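Peer 1: What follows is the residue order along each chain.
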Amino acid sequence: MSSRVPLVDYLALEPEPHLVAHECVSCGARYFDRRNGCANCFGTEFHDVDVATTGEVRAFTIVAYAAPGIETPFVAAVVDCEGTSVRANLINVTPDPEHVSLGMKVRLATNSVGTDAAGTEAIGFGFEPISN
Amino acid sequence: MSDDVWILGITMTKFGKRPDEDTIDLAAEAVHAALADGGVTMADMGILAAGNLMGGAGGIGQALQKQVGQTGIPVYNVANACATGATALRTAIMAIKAGECDYGLAVGVEKLSGVGLLAGGSRAADRDEWTPHGRYGAVAGVDGRIGTETMPGVFAQVGMEYGHKYGGTSFELFARISEKNHSHSTLNPLAAYSKKMSLDEIMNDIMIAYPNTRPMCSANCDGAAAAVVVSDAKLKTLSLEQQRRAVKVSASVLTTDPWQEACQILPDVNTLTRNAAKQAYEAAGIGPEDLDLVELHDCFATAELVHYDNLMLCEEGGAVDLFESGATWRDGSMPVNVSGGLESKGHPISATGIANIWEVCHHLRGEAGPRQIENAKVGLAHVIGLGSACGVHILERAA
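If you read the protein sequences in the order shown, they are chains D and Z.
Its first residue numbered 1, the first sequence is counted upward by one per residue in our numbering.
Its first residue numbered 1, the second sequence is counted upward by one per residue in our numbering.
One thing to keep in mind: the hints can contain errors.
[Said to hold, decoys possible] Covered by chain D, according to a simulated footprint, are these stretches of chain Z (three or more residues, beta-carbon under 8 Å):
1) 122-130
2) 142-152
3) 207-219
4) 258-272
No wet-lab data here; the hints were simulated from the structure.
From a predicted model like this one, the values you see are computed outputs, not experimental measurements.
For every residue, glycine included, the Cβ atom is placed at its ideal position computed from N, Cα and C.
Start from the sequences and build out the full structure, keeping to the hints where you can.
Peer 2: Below, the structure written as structure tokens:
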């Protein structure tokens with residue numbers, strides 16, 4: 001059986017795919033990158049917290065012009081996941097202004113980034129519309 | 001004697017494609033013109049602050065001195081993204097305020113024609129083995145997979161976020177802001193692009209990152225700008241003509257972004273701009289209603305809208321109404337970017353933060369010719385560099 005790895009370390013694949021933030025123990029500020037300290041309160045202690053897998057699109061753009069190798073157009077967005085902002089692409093949606101809107105309700109979904117020489121598949125994430 | 005600092009001489013070069021000149025040529029052209037404009041020479045200067053981002057780690061200031069005058073003065077090579085020019089000017093102002101010298105020289109220069117995307121312009125090819133790297137433990141490049149790193153895309157989201165919060169925005173609204181700036185540019189012979197563009201032309205041009213089409217993005221180009229600043233005491237010893245043309249620096253403010261939820265997800269260009277504006281109005285003892293013109297950082301049409309609000313040119317949430325009222329056109333009550341803005345004048349990054357001050361000074365001195373804002377007494381110049389840094393200067397003409 002071939003193995004899987006997440007595209008980034010803050011994407012947890014098990015038991016169900018979700019994002020994990022580093023939360024400052026003293027002020028509650030949340031971050032996704034490896035931390036040296038808290039930018040808000042200067043604390044240095046963090047614990048991991050699961051981020052809600054549903055949210056609302058607070059900002060988006062449809063990128064038509066990007067670096068070579070990046071498939072365009074794609075939708076880049078900021079998703080408000082119950083108070084935690086997440087940067088992600090919107091996926092499983094037609095990338096045009098008729099199909100993407102501010103305030104749209106979305107949920108986390110995964111996609112395949114590709115398979116490396118050893119047969120390991122990298123799993124990425126995005127948010128897809130919650131259809132009514 | 002007060003501790004006021006004055007702009008004695010200031011200039012910007014023609015912005016655009018300057019293939020026959022290198023970075024030093026452009027910087028020297030700006031410096032020579034600024035010194036001549038102020039009626040002084042390199043021998044008078046007590047400090048040089050110089051900004052250039054694309055030229056690498058070599059000291060632009062020292063390389064420039066070797067062409068315009070090696071007088072042994074301290075040189076500060078500064079870098080602060082798109083706020084680099086404003087930072088250089090503020091460095092010179094601070095040296096005068098600190099009492100270290102009577103005259104300071106600031107210069108910003110960039111060769112940017114044909115550069116393309118400044119961030120997110122390339123993504124490394126995927127490796128043949130998924131191994132975690134960097135602060136996110138990423139096994140492959142994330143640009144385009146987890147949002148966008150491109151500036152047109154980042155600032156598109158900044159404008160869309162404003163629309164989500166307050167409503168009233170649309171692709172057409174943002175395009176009309178660009179239509180205004182391109183219309184203004186027709187009166188500016190130093191602009192990289194000075195062609196009027198119709199709303200249809202703007203909306204049907206190449207889409208870069210919705211809702212920003214190509215003419216709604218700042219133009220990469222070559223150019224330089226330079227300024228000579230002088231202490232109040234020294235100015236009083238100069239000719240009446242020099243004193244008449246001098247422009248008072250009523251506020252010189254630099255801020256960075258205080259932490260806000262989401263500011264490390266999408267850059268928060270709002271809080272630090274509002275903070276800088278507040279500090280500047282307080283230092284100058286004037287309010288936004290006193291401004292005769294504003295040059296703000298329209299790196300993208302979507303950015304201009306949010307800065308109406310951040311600079312308090314309108315009530316909070318009122319940026320769309322302000323624009324719809326026509327106030328920000330050159331014949332309106334709050335003319336914004338009468339130079340044509342970065343979308344048409346061009347944005348040679350390090351030069352921008354001095355060039356926008358030159359534009360304001362040009363009007364305050366009554367020397368702006370056909371694009372003169374009549375009887376302009378007070379103006380504001382704003383720049384923001386992602387990372388972030390925000391520079392706000394308030395300028396007043398000599399009494």
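Peer 1: Compare the structure with each hint and give your call.
Peer 2: These are the hints, each one checked on the structure:
no.: 1; hint: 122-130; verdict: holds (count 8)
no.: 2; hint: 142-152; verdict: holds (count 9)
no.: 3; hint: 207-219; verdict: holds (count 6)
no.: 4; hint: 258-272; verdict: holds (count 6)
In summary, this structure violates none of the numbered hints.
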